[in-house]
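Q: The listed protein sequences correspond, in order, to chains A and B. The opening position of the first sequence corresponds to residue 1 in the numbering used here, with each subsequent residue numbered one higher. The opening position of the second sequence corresponds to residue 1001 in the numbering used here, with each subsequent residue numbered one higher.
What the hints contain is simulated information worked out from the structure, not anything from laboratory work. Ideal Cβ placement from N, Cα and C applies to all residues, glycine included. The hints are all genuine.
Only part of the chain B face toward chain A is listed, based on derived beta-carbon distances under 10 Å: (1) Arg1269; (2) Leu1273; (3) Trp1280; (4) Asn1281; (5) Gly1284; (6) Phe1318; (7) Pro1324; (8) Gln1328; (9) Glu1330; (10) Glu1341; (11) Ser1349; (12) Leu1351; (13) Val1353; (14) Val1359.
Straight-line Cα separation of at most 35 Å, DSBU-like style, residue types lysine-lysine; simulated pairs: (15) B:Lys1272 to A:Lys99; (16) B:Lys1272 to A:Lys97; (17) B:Lys1229 to B:Lys1156; (18) A:Lys97 to B:Lys1345; (19) B:Lys1137 to B:Lys1056.
Read off the chains here:
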Amino acid sequence: MTEFAGVDNIPDDIADTEVLNRRIHPDFVRPDGSVSSQAFTDTELSVDRAMYWDVAETLRGYNGYGVASIVASFARGLQQEVVADKLLLNPAHALVKGKKSKSIARALARSAIWEVALGGGLS
Amino acid sequence: MLPRIIISIDKPGIPPGMVLLEDAGSLSSGLHDSLARLIQRQLGFPWRANLRQEAKRLTRIALTGVSKGSGVLLYEGLPTPDVTGRHPSAIAAFDLVSGIRSYIDSHAWPAYLPPVVRNRMGNAVASALADPNDVVKIEVEEDGLRAECEINPSVKDALQVPEAFAPDEPVEVVGKIVEIDKRNLSFKIEAASRTFTFEVAEWQFQKIDSELRWERAFVSGYPRDSKSKTIHNISDIRAATPDEEDGFNLTRELRRGERTEAYQQARARAEKLLNLNDDWNTYGAKAPGKRAVFFALHFLRDAIGVLLDHGISAPTPFLAPTAPGGVQLEWHVSSRELELEIPEKGRFSFLAVDGSNEVEGEASRWTAMRLLRWVITGEAV
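If we strip away everything but chain A, and leave its shape as in the complex, we get (with noise of 0.2 Å):
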């Protein structure tokens, strides 16, 4: 678990070790606990920065979801864009921006880590 900063001044450059979480709906999950890669395909991943956001507002009116993990710097490695993308309701909104191949979608889900397993239990 990341330790929290809070929402004030939340800075807009996003440092190569921050944690990213994403929640994840029960449907990409596979029976051995693995995310499906489907889960990280969209050009613009939406993503909550840890540091600044509590994982449980990330599930906040989502019961049943998980939240995975995935680290600034490997998607970086992705030849992916990681910035800021400051919301009225989530300042700590960022976005993985970058067309992303299946290869890249899967080596996202390979690298994401459990925050909150499946059914909502914080871990």
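Following the hints, put chain B in place on chain A, whose structure we already have.
A: Only chain B this time, still in chain A's reference frame:
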């Protein structure tokens, strides 16, 4: 290296280096038709139907010469557009040879060599096997692999045995209604160059007469005779859908993949995915489209059927919905992984992973079938 098929004809009275035009013509057209039929079946279409364009396109094979030493016809596979793996004609030719060898060893025909192929090959060699001592030898070579078989008059006779249909084995026909006989409560359908007669109950006849007259129809029932010229005990009559091709088939054979656990589990999962609504993933995904999902299920059913013909059982794939409204089939077998995405009906894209090696791209139905076989068995695509 392109594959080679060699047919040797040991025919008394014909000088070395020559083949009677009659024999060459019959063997060449019969070989082509047999290979195309086998390719059609490997594409997952077991219907007794006309040859599909896709199967013809994949049967790229040329007669390249007649050997000077004896009565030998040489054929070579030509490069086939959008096929990057093994040559479809070579795969079919190996099946043909191994199927004939299997019959010679066991006196039983393997499922992957159906009557529609056997009959054509039997007719193709008939003129070259006029004498009891005549033999036709077929050899196939591709990338160091080699197989051969010999067809003598006895094997030829076995190849020519026509398909017989059991009276308790349901059949399905799709085709155009061409004749209606009110007095005898029957009608006729033309499908795949054959005409079938159907004997029906009065209420069924009224349905034909009022709703389906001269239309394309789907009818299932039971053969009255071993050639299935007449079909009775009709269990289903309806308008054929545009997706259903004209043809004739055994219900058991067409739907053999449906009885497997892999298909049953995939279908249950697909039905669940079809309940998803737009924005189901909370990030704006489209609901899975029925056409894509049903196409994926039909492909899976047909692919499992092809594999069953070869004694291979398919593991259950994981079905993942895709954000644009399609579906992805995923398999992981030892070090091999296959993601086969169906973004819409008729289209495939794939990612194949073996250890640290990854390949991805668009796939034809043929390549999709071969990839599935690869992920399960490790055989070359």
